[in-house]
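Which chain is which? The protein sequence lines are X and A, in order.
Each residue of the first sequence is one higher than the one before, counting from 0 in numbering that gives the first Met the number 0.
Each residue of the second sequence is one higher than the one before, counting from 0 in numbering that gives the first Met the number 0.
Just so you know, the hints here were simulated from the structure itself, not pulled from any lab data.
Incorrect hints may have been included.
Because identical chains cannot be distinguished in the list, a pair is counted as satisfied if it fits within a single copy or across any two copies.
Stated by the list, open to error - Restricting the straight-line Cα-Cα distance to at most 27 Å, the calculated cross-link-like pairs of lysine-lysine (DSS-like) are:
1) K110 to K174
2) K174 to K64
3) K64 to K110
Protein chains: 2
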Amino acid sequence: MSVTRRPARRRRVGRRPGGPDTRGEILVAARTEFGERGYDGASIRAIAARSRVDPALVHHYFGTKEQLFLAAMEIPFVPSEIAAQIVTGPIDSIGERAARTFLATWGDPVKRAPFLALLRSAMTHETAAALLRQFASRVMLARVVERLELPDRELRVEAVVSHLLGVAIMRYVVKIEPLASVSDEELVGMIGPVIQRYFED
Amino acid sequence: MSVTRRPARRRRVGRRPGGPDTRGEILVAARTEFGERGYDGASIRAIAARSRVDPALVHHYFGTKEQLFLAAMEIPFVPSEIAAQIVTGPIDSIGERAARTFLATWGDPVKRAPFLALLRSAMTHETAAALLRQFASRVMLARVVERLELPDRELRVEAVVSHLLGVAIMRYVVKIEPLASVSDEELVGMIGPVIQRYFED
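Okay, chain X solo, but in the shape it has when bound (with noise of 0.2 Å):
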């Protein structure tokens, strides 16, 4: 066995440069964080206040605010970056893309896990019921529906999310036969074109 030796750990109060493990403590601060104060409460000032390290640190380490959420919640992908697969294209088959750009994403046990855990403590906790919530409708849709010119486009779009939440929670948690075993391409055959309706006037 070998035994890794670290310099003695400061004792110092207030702020201290980055080691070995402050990556991890600002992880720790920040999900407290978020979890205390919800998406649009919480600071990356707060977030590096409790771990003791200057603000410019966390953003060193993580970027923006919306980084560092999807790092502490390791959530393993760029919401920025579905939601431009899904607006890139024609309005026409807008629908077909959301299908498919989200059953590719939940498709991977990797990617869905940790959307799952955030749902299930969503479904107990009023607090991360607030933190999905906001985070959903402040980063998720937003990019979406900015990009949409139709009445009432944050209903279109959380009835488009509804639909594919749902397929996802019937395919992939209850595991419901048939939809469980079809595929990624008959199952956006299928949903493509219907919740293509509701990116039309």
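Using the hints, position chain A against chain X.
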């Protein structure tokens, strides 16, 4: 404080007649049996054996296996009635009736609580997932599916249920706005015509 006197409990091994807590004991046995064997594998006979009563007494108290399941899971509505509300009426408004019936059921916190509990368990326990899967497909969806004459009718009904389940989660658990605050009828007006597509060839 008053103390309720009960006759001393018989210690006889084997079947016993119904007593004041027999009903509760059957429900406990039913939850165990359904949990361990799933909906399909559970039987009135085995539940009776677990609670050391005659199967006829289980039927007497609870009726069919389906009715016993509803009682054991504390599901306060009758799936066959829900299905009847959806399938009774013109086929060109079945989407609207499905949305209205589903929203009215989930809109009642007492009615959605046991389903949310089962769904939450299904997210971590495969046995709970199996129970939900079997019950949903054999009992709830089958009643609508059998009334349709369409290709891929199971898959279509599952798509409809997925959508409505997703709406319920976004509306009542995540509580995302504006979805959480619009009226049932506004949602029925938006979702009904969209899911109607699944009922058309």
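Results of checking the hints against the structure:
1. In this assembly of identical chains, the alpha carbons of K110 and K174 lie at most 27 Å apart whether taken from the same copy (17 Å) or from different copies (23 Å).
2. Taking the closest pair of Cα atoms, K174 and K64 come within 27 Å of each other only across two copies (23 Å); inside a single copy the shortest separation is 35 Å, beyond that limit.
3. Taking identical chains as interchangeable, the C-alpha atoms of K64 and K110 lie at most 27 Å apart only when both belong to the same chain, with a minimum of 20 Å there against 38 Å between chains.
Comparing the model with each earlier hint shows no violations; every hint is respected.
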